[in-house]
Amino acid sequence: MQNVELKAIANAIAQIREQLPEADTVVRSKMLQELETLREMATSILDAWMEVDDAIEETLAQISEASIDASIAAQGDQAPQYTASLNAGAGVQQSVQSRTESLLQAPVQLAETWFDMSLRADCALRKGLGYFDLRMFDEAALSLTQAVAEQDNPATRIYLALSHLAANRVDLAVSHLNVARVRANDDVTVRAVLEVDVQICAAREDWHQAVHVLYELLCFDPTQLDTWYNLGVCHLKLYEFAAAERCFAKSMKNEPTDVEAALWRAMSLVLCGRVDEARQLLTTSTHLARNVEEHALLRVVLHLSTQRIDLAERAAIAASAAEPNSAFGYELLALCRAVSHRPDEAIPLCKRALALSPNSSQALTLFGLCSYLTGDLQRAERALKTVEERGESSGLTHVVRARIATLNGLTADALERLGRLSEHPGMYAKRLAVLYRGMLHLSENEIALAEADFERALHLGLPPSAIDIARAHARSGVAQRS
Numbered sequence: 001m002q003n004v005e006l007k008a009i010a011n012a013i014a015q016i017r018e019q020l021p022e023a024d025t026v027v028r029s030k031m032l033q034e035l036e037t038l039r040e041m042a043t044s045i046l047d048a049w050m051e052v053d054d055a056i057e058e059t060l061a062q063i064s065e066a067s068i069d070a071s072i073a074a075q076g077d078q079a080p081q082y083t084a085s086l087n088a089g090a091g092v093q094q095s096v097q098s099r100t101e102s103l104l105q106a107p108v109q110l111a112e113t114w115f116d117m118s119l120r121a122d123c124a125l126r127k128g129l130g131y132f133d134l135r136m137f138d139e140a141a142l143s144l145t146q147a148v149a150e151q152d153n154p155a156t157r158i159y160l161a162l163s164h165l166a167a168n169r170v171d172l173a174v175s176h177l178n179v180a181r182v183r184a185n186d187d188v189t190v191r192a193v194l195e196v197d198v199q200i201c202a203a204r205e206d207w208h209q210a211v212h213v214l215y216e217l218l219c220f221d222p223t224q225l226d227t228w229y230n231l232g233v234c235h236l237k238l239y240e241f242a243a244a245e246r247c248f249a250k251s252m253k254n255e256p257t258d259v260e261a262a263l264w265r266a267m268s269l270v271l272c273g274r275v276d277e278a279r280q281l282l283t284t285s286t287h288l289a290r291n292v293e294e295h296a297l298l299r300v301v302l303h304l305s306t307q308r309i310d311l312a313e314r315a316a317i318a319a320s321a322a323e324p325n326s327a328f329g330y331e332l333l334a335l336c337r338a339v340s341h342r343p344d345e346a347i348p349l350c351k352r353a354l355a356l357s358p359n360s361s362q363a364l365t366l367f368g369l370c371s372y373l374t375g376d377l378q379r380a381e382r383a384l385k386t387v388e389e390r391g392e393s394s395g396l397t398h399v400v401r402a403r404i405a406t407l408n409g410l411t412a413d414a415l416e417r418l419g420r421l422s423e424h425p426g427m428y429a430k431r432l433a434v435l436y437r438g439m440l441h442l443s444e445n446e447i448a449l450a451e452a453d454f455e456r457a458l459h460l461g462l463p464p465s466a467i468d469i470a471r472a473h474a475r476s477g478v479a480q481r482s
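So for the sequence shown, full-length UniProt numbering puts the first residue at 1; every next one is plus one.
No wet-lab data here; the hints were simulated from the structure. A couple of the hints might just be wrong.
[To be verified] The calculated lysine-lysine pairs, modelled on PhoX-like cross-linking and capped at a C-alpha distance of 25 Å, are:
(1) Lys430 <-> Lys237
(2) Lys351 <-> Lys385
(3) Lys385 <-> Lys430
(4) Lys237 <-> Lys253
(5) Lys30 <-> Lys253
(6) Lys7 <-> Lys30
Based on the sequences and whatever the hints tell you, model everything.
Shown next as structure tokens:
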């Protein structure tokens, strides 16, 4: 690294990383502040570099234009003295174009005709792409907006849409992508629009539309493995497990060593009830993986789903051994203990994870869940409330807090929370919310409302046996109060 300032920033970051394993909560808080300051310093250096680069490009263009004007004005014997300058100017212009073409091909492989624009717009575009590659999406959007104002084309709109999408401005991303969609006049651009459209669908959790767009992409190339893989993920989100398994199988057809596809295919097999096939595939994928811990969470969940608690714990312990100063392995082991009805053993592991990573919402959520399972409702409520206040709560957080409110006699609070959760985009949370709300209505002797919720739970995919158990449990509670 030649830049002295950037080298100093890199050294400061390296020192922080060396001290991180032994740092306590106070020190880690100071480290976060220092890292934010270092980020601001690095950003200012990058901004300065880009401004200098723009000035250089504009000056080169002015030299080229001046050379051309001088050559036209030259007459007779005066011509030779300008020849070298003219050639130099032409060479500069050619090098600028070739350098630009090379740079613009780097982020994504697209048609060379995508970016044919003036130098001023080109500078804004290069600046926007530079920020995009550095994941500075707000800055990228500003520069790309300037590029669009100078000369509009579908490619710049696509990058502008991606920048807004990465910054969670989904509506702006859609508006720019729609402009690109209308103007797309070649297969490469149309495919790029569709690929961004899939990302927008995922951001909106519109998995039905995502499936539709992905099948459009397959019309261009039915052998594209990534498209089949993404289709598998979307079908999983829609609880279409057999379709998901077929898509992951196609994804593995020409890439049998794709461990991630193998693991998700195994999960699909489990959810289809084909547990033996899932176990066999899971065993095979373990031998394929160079790094067994790379997909540790998925492996642990799969082992738990196939009732192999011993293998799940072994995978969690291996993850912890691989990264002893990370909370991740302890969280996984706590999950194993909680799922295997040992929440009292999971709580110390959650505490260990929180000691290593105090801001881990996963560890705190698991701590709250295990506290609830052990009957410590007050401690569970405190933990889950903290997660919710951070804006990092999951459907499970709301479900457990609703159950705690019910047990504490706060019926209105529980109904309000379950009502919001019944419209949750996640099917698992929605099913539980409707089921628990039906139980709560039944315990309050609101028979019609209860039956409506149980009927909806049935339509959402809960088996009749689960609903019968919920009914019996709610009625037993009513009988005990009587």
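How the hints compare with the structure:
no., hint, verdict
1, Lys430 <-> Lys237, "holds (13 Å)"
2, Lys351 <-> Lys385, "holds (17 Å)"
3, Lys385 <-> Lys430, "holds (20 Å)"
4, Lys237 <-> Lys253, "holds (22 Å)"
5, Lys30 <-> Lys253, "violated (50 Å)"
6, Lys7 <-> Lys30, "holds (21 Å)"
Violated hint for the displayed structure: number 5, the only one.
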